[in-house]
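Next come the chains, spelled out residue by residue.
2 protein chains.
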Amino acid sequence: MDINSFIHDLTSIVGSQGIITNPKDTEIYNTDWRQIFQGNSIAVLRPQNTQEVSDVVKLCVQYDVTIIPQGGNTSLVGGATPPKQGNQIILSLSRMNKIRNIDTIDSTMTVEAGVILEEAQNAAKNAGLYLPIVIASQGSAQIGGVIATNAGGNNTLRYGNAREFVLGLEVVTADGQILHNLRRLRKDNTGYALKQIFIGSEGTLGIITAAVLHLHPLPRSTEVALCAVPDLQHALRLLHLFNNYNPAALQAFEYISQKGMDLVCQHFPELNFPLETKAPVYIVVELAIPAQGDGLRELFETVLEKAFEEEIILDAVLAESETQRLNLWRFREEQSESQKLSGANIKNDVSVPISSIPEFIERATQACEAIYPGIQVAPFGHLGDGNIHFNLVQPANGDSKDFMNKSHDLMDAVCAVVYDLEGSFSAEHGIGQLKNYMMPSWRGGVELELMEKIKQSLDPKNILNPGKIFPN
Amino acid sequence: MDINSFIHDLTSIVGSQGIITNPKDTEIYNTDWRQIFQGNSIAVLRPQNTQEVSDVVKLCVQYDVTIIPQGGNTSLVGGATPPKQGNQIILSLSRMNKIRNIDTIDSTMTVEAGVILEEAQNAAKNAGLYLPIVIASQGSAQIGGVIATNAGGNNTLRYGNAREFVLGLEVVTADGQILHNLRRLRKDNTGYALKQIFIGSEGTLGIITAAVLHLHPLPRSTEVALCAVPDLQHALRLLHLFNNYNPAALQAFEYISQKGMDLVCQHFPELNFPLETKAPVYIVVELAIPAQGDGLRELFETVLEKAFEEEIILDAVLAESETQRLNLWRFREEQSESQKLSGANIKNDVSVPISSIPEFIERATQACEAIYPGIQVAPFGHLGDGNIHFNLVQPANGDSKDFMNKSHDLMDAVCAVVYDLEGSFSAEHGIGQLKNYMMPSWRGGVELELMEKIKQSLDPKNILNPGKIFPN
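Chains as they are written, first to last, in full-length UniProt numbering: chain A, 1 to 472; chain B, 1 to 472.
These are computed hints drawn from the structure, not numbers from a lab.
All values reported here derive from a predicted model rather than from experimental measurement.
Keep in mind that the hints are not guaranteed to be accurate.
No distinction is drawn between identical chains; accordingly, a pair holds when it is met within one copy or between any pair of copies.
What the hints assert, rightly or not - Pairs of lysine-lysine residues, derived as DSS-like cross-links and limited to a Cα-Cα distance of at most 25 angstroms, are as follows:
hint, residue 1, residue 2
1, K461, K340
2, K453, K58
3, K401, K340
4, K24, K278
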């Protein structure tokens, strides 16, 4: 391949502002957010519109160069990071960052792929609407990546994953055609649901350039409580109790383990622990409705009183102010940070059927403690939808290198329990290049065969995001 | 092909109880529910389990016989009716009718494809849970068909289409392999979302044999009102008002046109019209929550009072009893029947963006009245999700044959407006063989090309439900 002529042709499509070739400037694009993966690319392309994306893809087909679509690069599984070898470009959607339209009657928003999630959330809010994808990386994650990875988050319980918000998609296919499918319809049974195929496919089947998102009414009353619960069986009973009042008011139902709470209290002493009782399990519960002052707090108190009466909870605090509300949430939000401050740690983003959570936590904890005595098992996460971040922290004052040497054994032990309980080894972060080696044992046989057939039919030259999802 | 040996081999798979070859007995399977389509088949197969389905498919591949999967045969678009020509069998899932499992903690139900929707609803209810797919054909529709057509219904507004309930699927592929994907997970981002490809594909990509459905808490407080509204713009404002209290309590928001109401009153005089005012637009509103006596009626009254104050509604009646509640619903539910009793009629199952409903109804009405003076335009349906059944009834005392001769002109006129407003020509019933000729003009170009690629990759011999979705 004549690289100079390829770069020349690319530049004539996107202009000199739309291409980066200087290795010093491409490095950040070549490296994933966690700095686990470091790849290479001929250039980083930053097209300004869908036609440019299409032209770039056609040129890459012609030159036999593969394409790594990239949004905020925060997948955590190296989903948007190029491989070390091979001829590839990175196609960053970051300059396609226009909010094309917000319709308050349809409750829809048409956005380009490069819009930062938080900016989309704010634009919705300004229009009196709510885009309920709440994830830690929302300040850098881009809509295209959010959809391509079917992102989840704290509010999945109520609103679903990214998939549930997507009414329409605009996609550039592997041969550079443009699928114009930006319909704003809630119901449309006209042939195969093409958008569903691209959502969650991690950029391996097409490049998402724009989307129509379905927005929800903006919550104007929000109430948050932190509950101390004797064990996980009781946590499930608490979930059941809230569901049987008004499930739709239940915005989040988040789990914090005793160890997880201890680590936060240790590293963030300014967050005065607000309960009288320490407990094996804590739950952050958030209720929210659009109407102001419509009895939400009374509903919350009623359910909590019932939970006390039935001895489902040991203690609870209901936030009295916006400040206290944000404070209570920080016990959950600082889980990752406090673990990082405690030394080397290992993340497991897994899910099991909700009913199996107590058994999962118990068995996985025992397995890890057997492998590495002194290990700090600090699970937390989205109990309401079965998605647990089963995180492991090195022993206090232990050796972090020695701990990390056991990371594969520990992850395998956790996954063995998940597998046995018919769970998933990647609940919300996807596969990328971190977990593709696990696909044959978890999703092998007919499943992987069907996925390969679809990949082959939509991207026969394997030009889009090679080395992701499928085992190498 | 040696038919006798084929029949012999089929019988050895399913037993003599599992095959019907007598033309007198196969006729009902060969004819669609509306009796518009009449096809032929070599035999009707009624396997008892997934392995038998797999073996039948493999045998058909061997004999080069195509397969028409059939559930309740109530798609309304001939989606499960065989063609007239060719060698095909009907594969009825009706004997695979076991509810395998209900889990009240996970809120899931594992059901075989042949379970009648109403039976699944009842089983969920007995377990204190709710399966919220409510459609007119629920007494005969089977779960497999409900999923294969991504059925909608009255409650889509709140709970989504069938797609939103499916956590896992078991599918027999076009080469007779079994995809075991009956996971009960809310979150599982591990490669392509295969289930999404089969949902809504009308049996053209695989045969759904079982599913895991996500159930909701059972509503224990339900309140229904019938509202008289000056026009459709005000109906949208009413929808907005309910959404801005607690959207999740809003279970249904159904539109009845003035003409539609008049026809019901004429044919069902026993349903005493409960309002003081006749109006251009009526809305049936249903609110529901799981908790008993938790202020739902007060909420409803608050919103209705506000609607009066703001002159959004002219009149309203809130049902005082279960009997009155069912009675109010009948004004909506008898729309189809009263139209049938009024003579020849034409159905249009279309959707547009919610904000475009007023313009759609006005323009489509004018177009139809221009084509056929005296026509009775009687739209109704799921205003809350943009899905209008734009039904047309012959003039009173008119000639039904003459009216039906204009049916294509009338449907084309309605569809032209829908197309212009970026709507869908099939909102919830699918394509089948009634509307496949429309696919190139509505979903042509890249969309149809991608659908064909997927069909080709998953069913290269075109053995599953040929002649559906794709134009012949």
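Index of numbered hints that the structure contradicts, given in increasing order
1, 4
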